[in-house]
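Engineer: Listed below, chain by chain, are the residues.
Protein chains: 2
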Amino acid sequence: MTTSNPTPTPQSTELTAAVILIGNEILSGSVKDANLTYIAERMTEIGVRLRECRIIPDEEEVIVDTVNTLRNAHTYVFTTGGIGPTHDDITMRCIAKAFGVEVYRDAATVEVFKKHYGDRATDATYRMCDFPVGAKLIHCKTTPAPGFSMGNVYVMAGVPKIMQDMLDTATPNLTKGKPIVSHSYTAFTVESRISVAFEEIQKQYPQLELGSYPQRIENQPAVKLVARGADADAVVAAGDKIRTLLTDLGAEIIAMDVRP
Amino acid sequence: MTTSNPTPTPQSTELTAAVILIGNEILSGSVKDANLTYIAERMTEIGVRLRECRIIPDEEEVIVDTVNTLRNAHTYVFTTGGIGPTHDDITMRCIAKAFGVEVYRDAATVEVFKKHYGDRATDATYRMCDFPVGAKLIHCKTTPAPGFSMGNVYVMAGVPKIMQDMLDTATPNLTKGKPIVSHSYTAFTVESRISVAFEEIQKQYPQLELGSYPQRIENQPAVKLVARGADADAVVAAGDKIRTLLTDLGAEIIAMDVRP
Numbered sequence: 008m009t010t011s012n013p014t015p016t017p018q019s020t021e022l023t024a025a026v027i028l029i030g031n032e033i034l035s036g037s038v039k040d041a042n043l044t045y046i047a048e049r050m051t052e053i054g055v056r057l058r059e060c061r062i063i064p065d066e067e068e069v070i071v072d073t074v075n076t077l078r079n080a081h082t083y084v085f086t087t088g089g090i091g092p093t094h095d096d097i098t099m100r101c102i103a104k105a106f107g108v109e110v111y112r113d114a115a116t117v118e119v120f121k122k123h124y125g126d127r128a129t130d131a132t133y134r135m136c137d138f139p140v141g142a143k144l145i146h147c148k149t150t151p152a153p154g155f156s157m158g159n160v161y162v163m164a165g166v167p168k169i170m171q172d173m174l175d176t177a178t179p180n181l182t183k184g185k186p187i188v189s190h191s192y193t194a195f196t197v198e199s200r201i202s203v204a205f206e207e208i209q210k211q212y213p214q215l216e217l218g219s220y221p222q223r224i225e226n227q228p229a230v231k232l233v234a235r236g237a238d239a240d241a242v243v244a245a246g247d248k249i250r251t252l253l254t255d256l257g258a259e260i261i262a263m264d265v266r267p
Numbered sequence: 008m009t010t011s012n013p014t015p016t017p018q019s020t021e022l023t024a025a026v027i028l029i030g031n032e033i034l035s036g037s038v039k040d041a042n043l044t045y046i047a048e049r050m051t052e053i054g055v056r057l058r059e060c061r062i063i064p065d066e067e068e069v070i071v072d073t074v075n076t077l078r079n080a081h082t083y084v085f086t087t088g089g090i091g092p093t094h095d096d097i098t099m100r101c102i103a104k105a106f107g108v109e110v111y112r113d114a115a116t117v118e119v120f121k122k123h124y125g126d127r128a129t130d131a132t133y134r135m136c137d138f139p140v141g142a143k144l145i146h147c148k149t150t151p152a153p154g155f156s157m158g159n160v161y162v163m164a165g166v167p168k169i170m171q172d173m174l175d176t177a178t179p180n181l182t183k184g185k186p187i188v189s190h191s192y193t194a195f196t197v198e199s200r201i202s203v204a205f206e207e208i209q210k211q212y213p214q215l216e217l218g219s220y221p222q223r224i225e226n227q228p229a230v231k232l233v234a235r236g237a238d239a240d241a242v243v244a245a246g247d248k249i250r251t252l253l254t255d256l257g258a259e260i261i262a263m264d265v266r267p
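Note that the protein sequences, when read in sequence, are chains A and B.
For the first sequence, the positions run 8 to 267 when the working numbering is used.
For the second sequence, the positions run 8 to 267 when the working numbering is used.
Hints are supplied without guarantee of correctness; some may be wrong.
Pairs count within a copy or across copies, as identical chains cannot be separated in the list.
[As the list claims (entries may be wrong)] Pairs of lysine to any residue, SDA-like flavour, derived with a Cα cap of 25 Å:
| id | residue 1 | residue 2 |
| --- | --- | --- |
| 1 | Lys148 | Pro167 |
| 2 | Lys104 | Thr254 |
| 3 | Lys104 | Ile145 |
| 4 | Lys39 | Arg49 |
| 5 | Lys39 | Asp175 |
| 6 | Lys104 | Glu66 |
| 7 | Lys121 | Thr44 |
| 8 | Lys183 | Asp264 |
| 9 | Lys183 | His146 |
| 10 | Lys39 | Phe195 |
| 11 | Lys143 | Gly158 |
| 12 | Lys104 | Glu59 |
| 13 | Lys185 | Ala229 |
| 14 | Lys231 | Thr44 |
| 15 | Lys231 | Val243 |
| 16 | Lys248 | Glu118 |
| 17 | Lys104 | Thr20 |
| 18 | Lys39 | Gln171 |
| 19 | Lys121 | Gln227 |
| 20 | Lys231 | Asn79 |
| 21 | Lys148 | Glu52 |
| 22 | Lys104 | Val69 |
| 23 | Lys183 | Pro167 |
| 24 | Lys121 | Gln211 |
| 25 | Lys39 | Glu259 |
| 26 | Lys248 | Val38 |
In short, the hints are calculated from the structure, not lab data.
If we strip away everything but chain A, and leave its shape as in the complex, we get (with noise of 0.2 Å):
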């Protein structure tokens, strides 16, 4: 199911994805999370299945020991947060150490940063210039300081539009799988009234995931039904079974999603 490759060259291996959010302000409840959904349709779009997502805190420890246990596990490992000028950034330094690694400076970044910043720079500033040696970086047009590739690890900042434009500029390098597809409806009934049924279409199609959310929509009970998977043909059919046992209950369809 996973591969330890760092440089995978996938065929019939499934690829895979693991995220590490790091910030005690997350596990505070003081700052909520905006990077895990992007990531996770990133990867549905080019076929990476997202397997898991640990949140932790900014402790050496905890990062060097979840880093090293995710990058054998899964294809790519991508991390947010804790790579500013701060004494909590200390990401880069644990990515160094969980591969083994010094740290350098960079000195291209050093002369980008002497250019964007001026004076404004501090020595805390040019910490930020700082990566661990092999290292590969992530240039992004909305900060001059990059995130960096280490193996399959992907470090990227915590920041949303920061994060999002590292993880487009990654993109394109990443091997791809089959892209994984999804179809869904929504509709106000219960899960109790579908879910005889629905476990039928799972049996009918092994292949796909077949999921049920439940939800309140304008104060009533609402279900969504999800059949997901890179067989896109069966999740079609699947998605048209979906919608006939929802239509059969005389169930109202309040929304339907195709993806990508």
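Chain A is already provided as a structure; the job is to place chain B on it using the hints.
Structural biologist: Just chain B now, kept in the frame of chain A:
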């Protein structure tokens, strides 16, 4: 830092928690998690430190392994998702497997269901009356289908309103630590300008977590500086120093937040 005691009586030991969000839909990007922040805020209020969150797919082996890893590492574990009546709702039986116990059908819950649902109840509905042997049910006003705790693991629904209700029901019975207090200031500035002085404040208060979170507000760079910890006097003092730091810089303070 963590305790493996499932029935905690900690005075000196720090109380810690982990959250497991169970659901393919979050990892596919089709549903945004709306539960973590609520749990994080409640833990902060009762002085339990949320140390990590894992988002994992609806897969038995992954759920069982994750539950067993985290319940041995933390005072409390909270799971959300996967306890409804559809085939992808496998959390309950994974918890039973993780604890090595059988599943039973709770007669009292069956009676409640008969009254509440009447003829609308199907076999699938009654699956929500099944629990691991030894579970303590968590009743709540939003739904007749209970959540449950098993040892130090609290198993809750994925629908935010129901999850919140279940957590609020469970919270009074949790062991409380010293409340975690935070003072934070958001100002129009950039991290490079504050990082040296901010690190100095961290050195003066090693018992606190001082965090810096860059953001964009009204399309201008802003930074939120947070002092956080169980030593309330130190938080107030560090907060004052943060405010002075920003004022001395001439950075406009646009928000202040004191919790709880």
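Engineer: Now tell me if each hint is right for this structure.
Structural biologist: Comparing the hints with the structure gives:
1. Lys148 - Pro167: Answer is within; shortest intra-copy Cα gap is 14 Å, inter-copy 37 Å.
2. Lys104 - Thr254: Classified as neither; 57 Å inside a copy, 37 Å across copies.
3. Lys104 - Ile145: within (20 Å within a copy, 44 Å between copies)
4. Lys39 - Arg49: both (20 Å within a copy, 15 Å between copies)
5. Lys39 - Asp175: So Lys39 and Asp175 pass the 25 Å test inside a copy (22 Å) and across (20 Å) alike.
6. Lys104 - Glu66: Answer is within; shortest intra-copy Cα gap is 13 Å, inter-copy 32 Å.
7. Lys121 - Thr44: neither (35 Å within a copy, 39 Å between copies)
8. Lys183 - Asp264: within (23 Å within a copy, 44 Å between copies)
9. Lys183 - His146: within (21 Å within a copy, 46 Å between copies)
10. Lys39 - Phe195: Classified as between; 20 Å across copies, 29 Å inside a copy.
11. Lys143 - Gly158: So Lys143 and Gly158 pass the 25 Å test inside one copy only (9 Å; across, 46 Å).
12. Lys104 - Glu59: both (23 Å within a copy, 21 Å between copies)
13. Lys185 - Ala229: Cα proximity of Lys185 and Ala229: none, with 31 Å in one copy and 40 Å across.
14. Lys231 - Thr44: This pair counts as both: shortest intra-copy Cα distance 18 Å, inter-copy 23 Å.
15. Lys231 - Val243: within (16 Å within a copy, 46 Å between copies)
16. Lys248 - Glu118: neither (60 Å within a copy, 34 Å between copies)
17. Lys104 - Thr20: neither (29 Å within a copy, 29 Å between copies)
18. Lys39 - Gln171: Intra 16 Å, inter 17 Å, cutoff 25 Å: intra and inter.
19. Lys121 - Gln227: between (58 Å within a copy, 21 Å between copies)
20. Lys231 - Asn79: For Lys231 and Asn79, neither the intra-copy (34 Å) nor the inter-copy (35 Å) Cα distance is at most 25 Å.
21. Lys148 - Glu52: within (23 Å within a copy, 40 Å between copies)
22. Lys104 - Val69: within (12 Å within a copy, 28 Å between copies)
23. Lys183 - Pro167: Within one copy, since 23 Å is at most 25 Å while 34 Å is not.
24. Lys121 - Gln211: neither (62 Å within a copy, 32 Å between copies)
25. Lys39 - Glu259: For Lys39 and Glu259, only the inter-copy Cα distance (24 Å) is at most 25 Å; the intra-copy one is 33 Å.
26. Lys248 - Val38: between (41 Å within a copy, 22 Å between copies)
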